[in-house]
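Student: Single-letter residue listing:
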Amino acid sequence: MMKNIIEINNAYKAYLNNKVLQGINLNIKAGEVVALIGESGSGKSTLLRCINGLENLDSGTIKFNDTDIKTINENQLRTNIGMVFQQFNLFNNMNVLKNCTIGLIKVKKLSRDKAVEIAKEKLTLVGMENFINSSVDSLSGGQKQRVAIARSLCLNPDVLLFDEPTSALDPKNVNEVLNVIANLAKANMTLIIVTHEMKFAREVANRIVYMDEGIICEQGTPAEIFDTPQNPKTKAFLKYS
Amino acid sequence: MLKNIWAILQEYSSTFVSGIGVTLALALIGTIFGLFLSLILTIIRVQVPRPNDSKIIKILKRIASGFAKFYVTVFRGTPMIVQAVIFFYSFYQMGIKWSPFAAGLFTVSLNTAAYLTEVLRGGITSIDKGQVEAARSIGMTHFQTFIYIVFPQAIKNSFASIGNEFIVNIKDTAVLSTIMVVDIFSVANKAAGKYYLYVEAMIIAALIYLAITFITSKVLILIEKKLKVETKEIVSSN
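One line per chain: the protein sequences are Z and G, in this order. With my numbering, the residue at position 3 of the first sequence is 3, and numbering never jumps. With my numbering, the residue at position 189 of the second sequence is 430, and numbering never jumps.
No lab work stands behind these hints, which were simulated from the structure alone. What you are looking at is a predicted structure, and each value in this text was computed from that prediction instead of being measured. Cβ atoms here follow ideal geometry from the backbone N, Cα and C, with glycine treated the same way. Mixed in with the good hints, there may be bad ones.
Residues from chain G that face chain Z, not an exhaustive set, calculated with beta carbons under 7 angstroms [claimed, not checked]:
#, residue
1, G318
2, T319
3, Q385
4, I390
5, P393
6, Q394
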């Protein structure tokens, strides 16, 4: 049996009086693809940000490979747990290649040549090998997101988090990004994806987690959640999705 | 009037040329020194105590940021002519006999630093939060994020304002004639006093200032365009 790569125990997080996470318990196994679904404001993105260390929990623990992330150097943690953002967040002052090599050179302290080699490999993986010298401004939304994925992959993370990776894309660009994520899933990479693409979640994820008001209402296989949801809130959400 | 202008030009042309050199040197070197000083002040100014910082670091950050704020308030809140006079004569009173040019350069540099600190601070705060988060999410430290991601973008965004400050300095250095700096205005003033032709002499000064600022602004626009022309047009893969 696969071991848990992420273990979240009794996680609480609030912004002033707004309780965003209210006792989340979730284990994720290595190689698993988990889709977090739920209405906007249900705490999905905050949960991802806490896993990546961009936000700290108020109480509870998140363990990565059996180690509490509070005890791991946050910069080290982030090279092991990559994150892809809704708005891509590519570095505007760098071209595509530099976006991918900066982490390797400055964080992983690799030589420039080695960094370029890795970056080209990852850009090829996402189909962006012909754009290495392009400015990020000249890319379409889908291309930007693929570069953002390559940038995260360059650091060879054990887990990759996706925060609504297609929400900022027009329909034409959604598929090119979803295909890349689906390929990563096929390669047995551990993925946690916050998404509103129900069809995609059903096809790619091993497990669906439905969240509402900071709690996990229901989780199960795609068939269990989409075909026979038990929780009334899940039923209501899926009815309108 | 044209005859008078021509007469002044004939007598003072070489003096005007040296005045142009002084004005340009003060404005250019002062802006460069001011920019370097403002880089330091901006870094100090944007320091915010973080929850993980030790108590000492938190206090030091508050003091440093407070000092930068105070500096900006003082230099932006007082006229450069007053600053120049205070610096020039106070150093003299302390026994430091420095040239009017050195005192002028010192004043322009400090004054420019105050304005550019606010310009750069604005450039930094205008950087999208997502840029910082993306840098942090790939394991970059706060320092690396600032140096490699935030600062280059802030400088680029602020380029027009930095150029504008240079143009302002070309004109504002005229006040340094108060401490005997022999710049364009000072030469014009001298010529005007000699022949009592104030309008003619100042028209010459105005035309020189106008020509310099016009050429400078064109050059700055070219540089600005050059900075943006890194973008290569490419065919979409869609």
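Student: Each hint needs a verdict: does it hold in this structure or not?
Tutor: Structure-based check of all given hints:
1. The beta carbon of G318(G) comes no nearer than 34 angstroms to any beta carbon in chain Z, farther than 7 angstroms, and the hint placing it at the interface is violated.
2. Taking 7 angstroms as the C-beta contact cut-off toward chain Z, the hint placing T319(G) at the interface is violated, the least distance being around 36 angstroms.
3. Evaluation of the Q385(G) hint against chain Z yields a held restraint, the C-beta minimum of about 5 angstroms falling below 7 angstroms.
4. For the restraint placing I390(G) at the interface with chain Z, the shortest Cβ-Cβ distance is roughly 6 angstroms, inside the 7 angstroms limit, so the hint holds.
5. Here the hint on P393(G) is kept, as its CB sits about 5 angstroms from the closest CB of chain Z, short of 7 angstroms.
6. Given the 7 angstroms rule on beta carbons, the hint for Q394(G) holds: about 5 angstroms separates it from the nearest Cβ of chain Z.
The structure does not agree with the numbered hints 1 and 2 stated previously, though it agrees with the rest.
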